[in-house]
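Whenever a hint applies, use it, and build me the whole structure from the sequences.
Protein sequences, first through last, are from chains A and B.
For the first sequence, the numbering used here begins at 1 and goes up steadily by one.
For the second sequence, the numbering used here begins at 113 and goes up steadily by one.
Rather than coming from a laboratory, the hints here were simulated on the basis of the structure.
Among the hints, erroneous ones may be present.
[As the list claims (entries may be wrong)] Below, a list of computed lysine to aspartate or glutamate pairs in the DMTMM-like style, where the Cα atoms sit at most 25 Å apart:
1) A:42 x B:187
2) A:99 x B:208
3) A:71 x A:49
4) B:125 x B:194
5) A:99 x A:17
6) A:68 x B:213
7) A:99 x B:213
8) A:56 x B:213
9) A:68 x A:39
10) B:169 x B:213
11) A:104 x B:194
12) A:99 x B:187
13) B:169 x B:194
14) A:104 x A:39
15) A:56 x A:31
16) A:71 x B:194
17) A:42 x A:15
18) A:99 x A:49
19) A:68 x B:187
20) A:68 x A:49
21) A:42 x B:208
22) A:56 x B:187
23) B:125 x B:187
24) B:169 x A:49
25) B:169 x B:187
26) B:169 x A:31
27) A:71 x A:31
28) A:56 x A:17
29) A:104 x A:31
30) A:104 x A:49
31) A:104 x B:164
32) A:68 x A:31
33) A:68 x A:55
34) A:56 x A:84
35) A:42 x A:84
Chain by chain, the residues run as shown.
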Amino acid sequence: GESVGLHLPTLSVQEGDNSIINCAYSNSASDYFIWYKQESGKGPQFIIDIRSNMDKRQGQRVTVLLNKTVKHLSLQIAATQPGDSAVYFCAENGNRDDKIIFGKGTRLHILP
Amino acid sequence: KAGVTQTPRYLIKTRGQQVTLSCSPISGHRSVSWYQQTPGQGLQFLFEYFSETQRNKGNFPGRFSGRQFSNSRSEMNVSTLELGDSALYLCASSRDRGHNEQFFGPGTRLTVL
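Below is the structure:
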């Protein structure tokens, strides 16, 4: 069935280090991918997106990489800060029905 | 610019009852989507409304329904509540349909006893 999965449910990173959160998607027809951050008690917040005609996109301290060959998506956060502690979701938007399918989420824990 | 607002923030109901949740999108946004979030299933798409019409629907039973008004505000209704309906219900708005950035509200935490 439809699924967007994550390799690691919890990731602990030292403050100041770079974080890499991975995601596998199953629908090869998906053409739009999004990363969301959800802090406790809040709704998901858009971080960055990428379309399937790109393999890399950079934002402020974040980079998303897309490998369509192996259907893999990653989010890199540079110089991780305590405020980055949250659950991160990848999501895909299939181009057939425009439904956004979310992964299960990865909790990012920042070590002092 | 005000964000997406959802009311109520918390709700406690008993099995068999029905509930209506409300969502006000960001001004100018015409698309509203609803999601159910649970620890076991994660974020699951319920439905999307655009121009007062349901454009997309997830794999949920007919007890889950919704509507959108001419001012883009949306409501979702769950009838004959079951214990498994306990979840965080999130509303997200975007300017248009398709590949547009979605802005989420804080959610309504529904507990069914």
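Quick rundown of the hints versus the structure:
1. A:42 x B:187: holds, 20 Å
2. A:99 x B:208: Between residue 99 (chain A) and residue 208 (chain B) the Cα gap is close to 13 Å, so the pair holds against 25 Å.
3. A:71 x A:49: holds, 15 Å
4. B:125 x B:194: holds, 10 Å
5. A:99 x A:17: violated, 34 Å
6. A:68 x B:213: Roughly 21 Å separates the two Cα atoms, so the pair holds.
7. A:99 x B:213: holds, 13 Å
8. A:56 x B:213: holds, 18 Å
9. A:68 x A:39: violated, 29 Å
10. B:169 x B:213: It holds: about 19 Å lies between the C-alpha atoms, which stays within 25 Å.
11. A:104 x B:194: holds, 23 Å
12. A:99 x B:187: holds, 19 Å
13. B:169 x B:194: Roughly 20 Å between the alpha carbons, so the hint for residue 169 (chain B) and residue 194 (chain B) holds.
14. A:104 x A:39: holds, 15 Å
15. A:56 x A:31: This hinted pair holds, its Cα atoms lying about 14 Å apart.
16. A:71 x B:194: violated, 37 Å
17. A:42 x A:15: Roughly 23 Å between the alpha carbons, so the hint for residue 42 (chain A) and residue 15 (chain A) holds.
18. A:99 x A:49: Cα-Cα ~15 Å, so holds.
19. A:68 x B:187: violated, 37 Å
20. A:68 x A:49: Status holds; Cα separation ~15 Å.
21. A:42 x B:208: holds, 23 Å
22. A:56 x B:187: violated, 37 Å
23. B:125 x B:187: holds, 17 Å
24. B:169 x A:49: Within the cut-off at roughly 23 Å; holds.
25. B:169 x B:187: Holds, at about 15 Å.
26. B:169 x A:31: holds, 19 Å
27. A:71 x A:31: Holds, at about 11 Å.
28. A:56 x A:17: holds, 20 Å
29. A:104 x A:31: It holds: about 20 Å lies between the C-alpha atoms, which stays within 25 Å.
30. A:104 x A:49: holds, 18 Å
31. A:104 x B:164: Violated, at roughly 30 Å.
32. A:68 x A:31: Holds - the C-alpha atoms of residue 31 (chain A) and residue 68 (chain A) are around 10 Å apart, at most 25 Å.
33. A:68 x A:55: holds, 8 Å
34. A:56 x A:84: Roughly 21 Å separates the two Cα atoms, so the pair holds.
35. A:42 x A:84: holds, 14 Å
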